[in-house]
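Participant: One-letter residues, chain by chain:
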Amino acid sequence: MNELLQQVINGISLGSIYALIALGYTMIYGILRFINFAHGDVFMVGAFVGYYFAPIISKFFGGSPFANGLLVMAAAMIICAVLGVTIEKFAYKPLRSRPKLTVLITAIGMSLFLEFGGQLVFGPDPKLFPALMPSSAIVNTENLVISTNSLIVIITAFVLMILLRTIVYRTKIGAAMRAVSYNHYAASLMGININTVISFVFALGSSLAGAAAVLYSSVYPSINPLMGIFPGLKAFIAAVLGGIGNLYGAAIGGLIIGLVETFVTGYISSTYRDAISFSILILILLIKPSGIMGKFEAEKV
Amino acid sequence: MYKSKPAYIVLALVIFGLLVISCGRKTSDNEILIGEYSSLTGTTATFGQSTHRGILMAVDEINKAGGVLGKKIKLLTEDDQSKPEEAAMAVTKLISRDGVKAIIGEVSSSRSLAAAPICQANRIPMVSNASTNPEVTRKGDYIFRVCYIDPFQGEVMAKFVFNSLKLRRVAILEDVKNDYSIGLAQYFEENFKKLGGEVVATQAYSEGDTDFKAQLTALKGSDPEAIIVPGYYTEAALIVKQARDLNMNMPFIGGDGWDSAKLTEIGGAAMNNTYFSTAYSADDPNPVVQNFVTKYHKLYSDSPDAFAVLGYDAARLLFDAINRAGSVEGDKIRDALKATRDFPGVSGMITIDADRNARKPIVIIEIGDGKMKYKETIQPD
Amino acid sequence: MNRHRSKLVLLASLVAAGGLSFLQPYISPYYFQIIIYIGINIILASSLNLINGFAGQFSLGHAGFMAIGAYTASVITTAMNLQPGTTLAIPMFLLALLCGGLIASIFGLLVGIPSLRLKGDYLAITTLGFGEIIRVIIQNLDFLGAARGFTGIAKLADFFWVYAFVAVLIFLIYNLIHSTYGKGFMAVRDDEIASEAVGINVTHYKVVAFVTGAFFAGIAGGLYAHFVTYINPSQFGFLRSFEIVVMVVVGGMGSIGGVIVAAILLTILPEALRAIAQYRMVIYSLLLIIIMLARPQGLFGGGISIKRFLKQNPEQT
Chain A
1 MNELLQQVIN GISLGSIYAL IALGYTMIYG ILRFINFAHG DVFMVGAFVG
51 YYFAPIISKF FGGSPFANGL LVMAAAMIIC AVLGVTIEKF AYKPLRSRPK
101 LTVLITAIGM SLFLEFGGQL VFGPDPKLFP ALMPSSAIVN TENLVISTNS
151 LIVIITAFVL MILLRTIVYR TKIGAAMRAV SYNHYAASLM GININTVISF
201 VFALGSSLAG AAAVLYSSVY PSINPLMGIF PGLKAFIAAV LGGIGNLYGA
251 AIGGLIIGLV ETFVTGYISS TYRDAISFSI LILILLIKPS GIMGKFEAEK
301 V
Chain R
302 MYKSKPAYIV LALVIFGLLV ISCGRKTSDN EILIGEYSSL TGTTATFGQS
352 THRGILMAVD EINKAGGVLG KKIKLLTEDD QSKPEEAAMA VTKLISRDGV
402 KAIIGEVSSS RSLAAAPICQ ANRIPMVSNA STNPEVTRKG DYIFRVCYID
452 PFQGEVMAKF VFNSLKLRRV AILEDVKNDY SIGLAQYFEE NFKKLGGEVV
502 ATQAYSEGDT DFKAQLTALK GSDPEAIIVP GYYTEAALIV KQARDLNMNM
552 PFIGGDGWDS AKLTEIGGAA MNNTYFSTAY SADDPNPVVQ NFVTKYHKLY
602 SDSPDAFAVL GYDAARLLFD AINRAGSVEG DKIRDALKAT RDFPGVSGMI
652 TIDADRNARK PIVIIEIGDG KMKYKETIQP D
Chain D
683 MNRHRSKLVL LASLVAAGGL SFLQPYISPY YFQIIIYIGI NIILASSLNL
733 INGFAGQFSL GHAGFMAIGA YTASVITTAM NLQPGTTLAI PMFLLALLCG
783 GLIASIFGLL VGIPSLRLKG DYLAITTLGF GEIIRVIIQN LDFLGAARGF
833 TGIAKLADFF WVYAFVAVLI FLIYNLIHST YGKGFMAVRD DEIASEAVGI
883 NVTHYKVVAF VTGAFFAGIA GGLYAHFVTY INPSQFGFLR SFEIVVMVVV
933 GGMGSIGGVI VAAILLTILP EALRAIAQYR MVIYSLLLII IMLARPQGLF
983 GGGISIKRFL KQNPEQT
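Chains as they are written, first to last, in my numbering: chain A, 1 to 301; chain R, 302 to 682; chain D, 683 to 999.
Don't take each hint at face value.
For lysine to aspartate or glutamate, the following EDC-like pairs were computed, each having C-alpha atoms within a straight-line distance of at most 20 Å [unchecked claim]:
| no. | chain 1 | residue 1 | chain 2 | residue 2 |
| --- | --- | --- | --- | --- |
| 1 | D | K801 | D | D872 |
| 2 | R | K639 | A | D125 |
| 3 | A | K100 | D | E925 |
| 4 | R | K372 | A | E142 |
| 5 | A | K288 | D | D803 |
| 6 | R | K372 | R | D330 |
| 7 | A | K100 | D | D873 |
| 8 | R | K372 | R | D361 |
| 9 | A | K100 | D | E874 |
| 10 | R | K599 | A | D125 |
| 11 | D | K837 | R | D442 |
| 12 | A | K100 | D | D803 |
| 13 | R | K542 | R | E508 |
| 14 | R | K633 | R | D361 |
| 15 | R | K596 | R | D361 |
| 16 | R | K542 | A | D125 |
| 17 | R | K372 | R | E332 |
| 18 | A | K100 | D | D824 |
To be clear, the hints were calculated from the coordinates, so they are not data collected in a lab.
Go ahead and model the full structure; you've got the sequences and the hints to work with.
Facilitator: The following block contains the structure:
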């Protein structure tokens with residue numbers, strides 16, 4: 001029974017991390033309708049920004065660990081936002097009117113560029129991500145452990161989701177985003193500057209990747225230039241599963257993938273984990289091709 | 302005519318490509334060409350680059366000492382992107398275009414297995430630095446290695462856990478994507494059962510994973526006295542760290558894939574009460590070891606991992622053999638490599654056995670107080 | 683080119699492949715290896731072109747089909763202990779390759795069925811999932827060597843085999859898309875609903891595209907295994923599928939010649955960049971982005987055919 005409870009906790013903490021990355025994925029997809037394969041690698045850059053900035057920040061600001069942690073996260077978010085907007089401007093914007101497969105190739109190219117470039121610049125060896133916040137256990141019995149780290153991740157994912165929802169539904173730029181997402185052409189006729197909106201979405205989505213990276217690296221403190229591939233892929237699956245373009249869907253999809261992986265590992269077979277989680281994805285898509293939350297068109301970003 | 306522009310670009314690129322490929326490297330008579338294929342980029346780039354550093358050091362040393370047979374060693378390095386088919390391509394290029402006399406590589410058995418048949422067919426000796434699958438040297442009599450094979454290391458680990466730690470119930474957490482890990486796990490399990498021990502549970506992860514809590518929680522349920530993690534340090538440090546977070550305080554045991562300063566750097570205090578088998582201990586007063594460790598520190602301001610050590614040893618063993626062969630002909634080098642007895646490597650006294658594998662003692666390292674300490678040496682029988 | 687002439691061209695190509703294979707001892711093994719990789723990549727990219735370019739189904743699981751073909755053919759030839767140069771080698775190797783292709787096409791059918799319900803990115807992620815499932819299953823099968831890989835495969839594939847299949851595949855695709863039947867593929871790609879409305883059996887075309895594409899990917903896998911002589915599941919991950927998609931899009935979706943040129947170009951490029959060692963994959967990925975930005979429709983897509991190019995530039999021929 002305790003083991004079951006522990007696995008539920010494990011699954012939720014893993015799932016909330018997937019959800020966090022999936023939020024950025026789904027934002028960008030919602031507006032441009034193409035898979036930004038470089039998202040996982042922007043996430044990786046965010047982790048390295050944290051790695052290089054954390055010592056500087058604690059040296060010059062020397063505040064409480066919590067304040068330092070927030071500053072490191074802010075740095076990662078800003079640099080990732082700039083990176084995301086730059087990638088969009090150079091690699092995706094010129095191809096906006098082209099078939100999606102074309103943009104997909106530049107996205108793959110960009111992803112490879114960041115990975116191999118990362119191996120060149122940062123070195124391929126794993127690096128220790130500095131401990132930003134002292135991790136301790138909230139519940140600590142022989143058989144059940146809940147750490148503050150998982151709680152922080154869950155709370156952050158939740159707060160970010162509410163924040164995003166507010167931006168999308170309560171602000172002017174959010175209304176513009178929804179309009180562009182609904183129809184690029186009609187939105188531009190209404191006087192919406194599509195380029196500004198898309199840049200904004202990329203900045204937002206990429207800064208989410210930056211935030212997720214800092215949290216992720218605090219929980220799993222070994223970072224390397226290829227670290228974005230698998231979380232990126234899993235987050236993408238989570239986004240598709242939840243109904244791509246849908247914020248709640250991304251969160252739910254992330255949690256489902258996290259729980260499924262944990263339970264498959266714990267109770268069925270760890271060697272077949274990835275195969276089984278893919279099978280579940282395929283099954284769900286076959287039953288409901290637009291994903292779990294996909295039918296609510298109005299909910300789309 | 303505008304429309305035909307891309308076609309010109311293609312044509313130009315193809316011609317450019319062919320030109321670049323066809324400009325071979327010039328060699329002079331007082332050089333011996335040695336080829337290295339290595340994973341400088343891709344998934345195992347961190348191991349490939351470590352190996353490369355070790356080999357570079359050995360080449361640099363020998364050239365400063367006057368070279369081999371009165372000639373300088375010239376090392377040609379090709380990247381294989383951590384892919385077997387690229388390894389085959391790199392080795393073909395090194396042999397047929399550059400005309401290297403011998404080949405060093407690779408870390409991964411999968412790449413060595415793709416490259417070995419090519420070396421064998423061309424009668425070019427190949428010394429693998431860290432491919433532990435027994436199959437590699439079975440590819441032919443020109444294929445050698447300086448690392449342990451999985452059956453030997455698996456047996457030593459099993460004996461250590463059973464006899465020295467006196468533990469009877471263990472669990473295994475293996476990397477299913479990795480040939481080294483499943484090989485070591487398999488031979489550990491066979492030997493441990495033979496000794497009378499019991500493997501109570503087996504769980505798996507995949508190279509690149511970062512969350513192991515589900516596997517660990519499941520293993521915890523079967524209450525093992527120790528957990529064997531026959532993988533690489535890149536994942537092992539996180540595994541042990543997460544286990545400690547789950548209040549799993551039993552010993553963790555690994556193989557030479559754990560051997561890196563990164564292990565204690567990333568794992569920190571969590572790594573206490575863990576053991577791993579490897580080729581050498583940095584505390585060893587042996588001058589060969591100390592010379593290597595200090596020099597490596599000076600050159601790269603970093604501690605050498607097992608891959609750097611094995612790259613260094615592979616290169617030095619090869620140079621020694623060429624020296625003894627007195628010739629750069631493939632069959633002569635092969636015979637000299639075969640005749641290697643008690644070669645003083647950083648990873649111990651290396652003797653090449655009849656199967657062209659290295660026989661050398663194995664060292665057990667214990668981690669306590671965040672430091673790696675020498676525990677014991679086990680001689681091959 | 684009419685049917686009759688294209689058959690002659692096929693025959694001529696097959697003879698040429700046979701004839702050229704006698705030149706093998708005179709070519710540097712390094713070039714030879716590049717030429718073989720090019721041939722295998724042409725088969726992979728052209729067969730994916732059938733699914734992606736002609737039928738418009740976004741597939742990211744081609745490496746999975748390749749894996750099935752590679753393992754099936756390898757199991758057959760090693761079980762029979764086929765050695766190159768023996769009398770049995772030729773017919774039995776052909777049989778093994780065809781079996782590999784056949785089993786791959788059965789899986790193609792399995793993947794093709796969801797494509798009836800799913801579109802675009804959803805289909806892409808489903809096919810990617812299928813590819814990964816295949817890889818994970820192989821990774822867990824001990825008799826296939828699991829992560830250790832499958833070793834000891836005889837080196838049966840040579841210039842003739844690879845280029846004979848290149849010729850057959852190109853011949854098939856060429857005739858298919860120039861036939862009335864084949865026009866259905868492009869109709870499905872361009873407008874599924876309209877196609878359905880005029881009585882084209884959309885389901886049929888999608889499934890046929892997947893089955894045929896998977897068949898040739900399986901053949902390519904078999905050839906690859908019998909050239910490299912060693913395979914392991916990691917070689918068939920989703921990154922390999924990406925590589926093949928890249929060839930198709932860079933060449934120009936739906937352009938037979940363009941995809942061939944892209945396969946050649948993208949196989950030579952990393953080799954040409956060897957001199958810059960660790961920088962080469964960075965430069966390679968940058969070039970990929972630049973090519974796509976300069977020619978978004980692909981090198982030969984969007985109305986530029988090789989034939990027209992050759993006509994415009996007779997001096998190049």
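Participant: Each of the hints needs a verdict: does it hold here or not?
Facilitator: Verification of the supplied hints:
1. D:K801 - D:D872: OK: K801 of chain D and D872 of chain D at ~13 Å, within 20 Å.
2. R:K639 - A:D125: This hinted pair is violated, its Cα atoms lying about 34 Å apart.
3. A:K100 - D:E925: holds (17 Å)
4. R:K372 - A:E142: violated (65 Å)
5. A:K288 - D:D803: With a Cα-Cα distance of about 14 Å, the restraint between K288 of chain A and D803 of chain D holds, given a limit of 20 Å.
6. R:K372 - R:D330: holds (8 Å)
7. A:K100 - D:D873: Answer holds: K100 of chain A to D873 of chain D is near 16 Å, not above 20 Å.
8. R:K372 - R:D361: Holds: K372 of chain R and D361 of chain R sit about 13 Å apart, inside 20 Å.
9. A:K100 - D:E874: holds (17 Å)
10. R:K599 - A:D125: holds (19 Å)
11. D:K837 - R:D442: Given that 20 Å is the threshold and the Cα spacing comes to 19 Å, the pair holds.
12. A:K100 - D:D803: holds (9 Å)
13. R:K542 - R:E508: Satisfied, since the Cα-Cα distance of roughly 17 Å is no more than 20 Å.
14. R:K633 - R:D361: Answer violated: K633 of chain R to D361 of chain R is near 24 Å, above 20 Å.
15. R:K596 - R:D361: Holds: K596 of chain R and D361 of chain R sit about 11 Å apart, inside 20 Å.
16. R:K542 - A:D125: holds (18 Å)
17. R:K372 - R:E332: holds (5 Å)
18. A:K100 - D:D824: Measuring from Cα to Cα gives roughly 40 Å; hence the hint is violated.
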